[in-house]
Amino acid sequence: MPADATYTYDVLIVGAGGAGLRAAIEAANAGVTVGLICKSLLGKAHTVMAEGGMAAAMANNDDRDSWKVHFADTMRGGQYVNNWRMAELHAKEAPDRVRELEGWGAVFDRTADGRINQRNFGGHRYPRLAHVGDRTGLELIRTLQDHTVYLGVTVHMEHTVIELLLDGSGRAAGVLAYDREKGRFHVFNAKAVVLATGGVGRAFKVTSNSWEGTGDGHALAFRAGAELIDMEFIQFHPTGMVWPPSVKGILVTEGVRGEGGILKNSEGRRFMFDDIPDNYKPQTASDPEEGWRYVQGDKSARRPPELLTRDHVARCINREVKAGRGSPHGGVFLDIAWIKEKIAGSEEHIKRKLPSMYHQFKELADLDITKTPMEVGPTTHYIMGGIRVDADSQMSTIHGLFAAGECASGINGANRLGGNSLSDLIVFGKRAGEYAAQYARDNPQPRIDDGAVEHGIATSIEPFARGTAGENPYTLQQDLQDTMQSLVGIVRQESEMREAVDRIEGYKERLRRVGVSGGREYHSGWHTAIDLRNLLVVSEAIARSAIERKESRGGHFREDYPEKDPACATFNVSTRPGPGGAMQVSHVPLPPMPDHLKAVVEEQKS
Amino acid sequence: MATATFKIWRTHSSAPGDGTYQTFQTEVSEGMVVLDVVHSIQAQQAPDLAVRWNCKAGKCGSCSAEINGNPRLMCMTRMSQLNLSEPVTIEPMRTFPPIKDLVTDVSWNFRVKKGIKKFKPRQPDAPDGTWRMAQRDVDRVQEFRKCIECFLCQDVCHVLRDHNKHDEFIGPRFFVYAANLEMNPLDTEDRVDDLKDAHNIGYCNITKCCTKVCPEHIHITDNAIIPLKERVVSRHYDPVTRLLRMFK
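Residue numbers (my numbering), protein chains in the order written: chain H, 46 to 651; chain E, 1178 to 1425.
It should be emphasised that the hints constitute simulated quantities derived from the structure, not laboratory data.
Certain hints may be false.
Computed spacing ranges between beta-carbons, pair by pair [unchecked claim]:
(1) E:LYS1297 - H:ARG338: 42 to 48 Å
(2) E:ILE1383 - H:ASP413: 31 to 37 Å
(3) E:ASP1374 - H:THR504: 49 to 55 Å
(4) H:PRO322 - E:ASP1282: 50 to 56 Å
(5) E:PRO1301 - H:VAL630: 49 to 55 Å
(6) E:ASP1314 - H:PRO47: 54 to 60 Å
(7) E:THR1180 - H:GLN629: 46 to 52 Å
(8) H:ARG492 - E:ASP1282: 31 to 37 Å
Ideal Cβ placement from N, Cα and C applies to all residues, glycine included.
Produce the entire structure from the sequences given, and follow the hints as far as they go.
This is the structure:
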């Protein structure tokens, strides 16, 4: 069966979250034709869920801040396996990327002197997050979306990409996709392709990610032969909702802690003071009083331990729950209501600073956060790993294929600091758009292989041939999520991960038996079958990479290797398809950091 | 755990009105929202049931529907708010053309937005290209920018729903959008004539239905539409201004 239509562009962008939209703007401004594919409606991408803010060393609230401090914070947070060049570019360029948003209509919260206000966040030395209450992601996506629609970018909404297509020379040539509304197959031919598809949270049972986070870009690139790195590094956000069950995993912003929220166990103990890592001791408050002064903006105070990096806080919560000191529904208590002891009118203050959180708990859990502590626990939030890219251009190991945002890898190392993802989207989204446009100008339109298109279509519609007698796609997805959650989750060990890899082999078999009935129009069951192919690739990459890294670092914690191993600080774990498609795992050495940046890191260690 | 009955609209084709209610029985447990029920029916009884959703946290505005006749987000409607002794009906938004089951074609909204003049900031205030604005001056714009584009206000607006003025009238969502631009302290564009002539703000007779259904509790009528109407009135219908204009 041939495709129903073919679209031709200079630059094709897959994904319309922050990174995809920012890439579209840059490419369109460079004067090339741009097509933008989004899996949902425009403006609904997962970026919308980001709450706390975007990190940029603008030094509006504390003039001691600079790109150097931001760079050093990012490297420390990433446990020094980040790509130093990406961390450097990010720290240097984020302020300009944030400022230009204001010229496009973004309306950030203000400082007393009328500049963009910046808030404290975990792992950031100074207040650095430009924000709009606790709905910064919505502000970012709407600003970019409203700017893009006037630039002549063609948006293909509710299209899902099935396969990345290469030309005969191995260069990216476009994609095969289908539109959800009618179930028609469309070929997109482009001189350069930018993947900006976000994360993989849906591989896990408890996640803050929407249904779209199925690792599409990761898997499309991998199947086409690209290299993925750092797939073992998953960020489990310490504070997701745990009750009621139907909302388990929904994010509770770190901004709650940035505004003075504290974590307590069932005994009422503020347990984060019990375990402060050595390399963070000089920057952490010695008592609750100092922590409170810090969140109130006292520059001589150090940050409370609730604002340590996410990997650490998540493990501490996990430990409390396992030790039987958890809350009734298997989490711990996050208390912002207590600030009434400190400030008059605290209820109004909380509602103004954290409106979505107030709303979310009120509507979904019948709980008033201005009066009662919340119950929270870790939730799968973000993958640091992804498509290996060149730091400056964001080009992957496949010619003409670019990646930006969460599906790309490098900037975050072993753990991402809160607030660095939104700034990552705009810094590297812009770069990807710019270099993709340049690549498109320098190269001819590639040829699409009709055979590959027909093969992609035929494979994708196989579930209809099996009908309802086949395996239920939803059941398979749930089984995979259970496996990843229990065997490759927040605390890992070799035997369990090997078990996961075995089970994933079995799921691949079961995927070949998945069946659905009905028409192709807006068919969620069929869609799930297509998603599953991607979820299985990323799940396998996560499990195999996690087995390979025999140490604990950042988001990757192993019970059988609980310590950090300096010998493991020299490489990234890489996965790529070998002959016959089997996954090959290897080490790629980290590029050495130049001396002037090493000096910056040392300088900021005190 | 209780069993509840749901009547969900299933389309036979994308022609308006061509569908029937299908009845499902399913288990409902504590804390569930309507979208959970739809998902569980999808996973166990009707894998091809079409529903649009994304964040399931009230932040993206994808899962708009009419629940027992009330325009709501499915992800923010708890089962405990509904009377489960009677069947719960779930229907798509009626103002937009059907695609399949609970999914409607909302693309008209995206076309409307392009017709509104874009943001045009004044020259930056500082040499580094930045602006200075007081928080109190951006408060009202920030209210409008909370909009999650669920289009429930469009669904319920009778100018669109009952009179089908989609070609002449932009609807509450886009008056909020226009208000956000008009009241941005940096903006220098003028949209007042467009609001009167192209967007027909005069069609709105402030019944406040839009405000009632807004899941973000934006005061659509009071804070966006009425102030915009006032701008139109003071330019075009105020006798003193009209007189002065004659002598200009």
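Evaluated hints:
no.	hint	verdict
1	E:LYS1297 - H:ARG338: 42 to 48 Å	43 Å, holds
2	E:ILE1383 - H:ASP413: 31 to 37 Å	32 Å, holds
3	E:ASP1374 - H:THR504: 49 to 55 Å	53 Å, holds
4	H:PRO322 - E:ASP1282: 50 to 56 Å	53 Å, holds
5	E:PRO1301 - H:VAL630: 49 to 55 Å	50 Å, holds
6	E:ASP1314 - H:PRO47: 54 to 60 Å	57 Å, holds
7	E:THR1180 - H:GLN629: 46 to 52 Å	51 Å, holds
8	H:ARG492 - E:ASP1282: 31 to 37 Å	35 Å, holds
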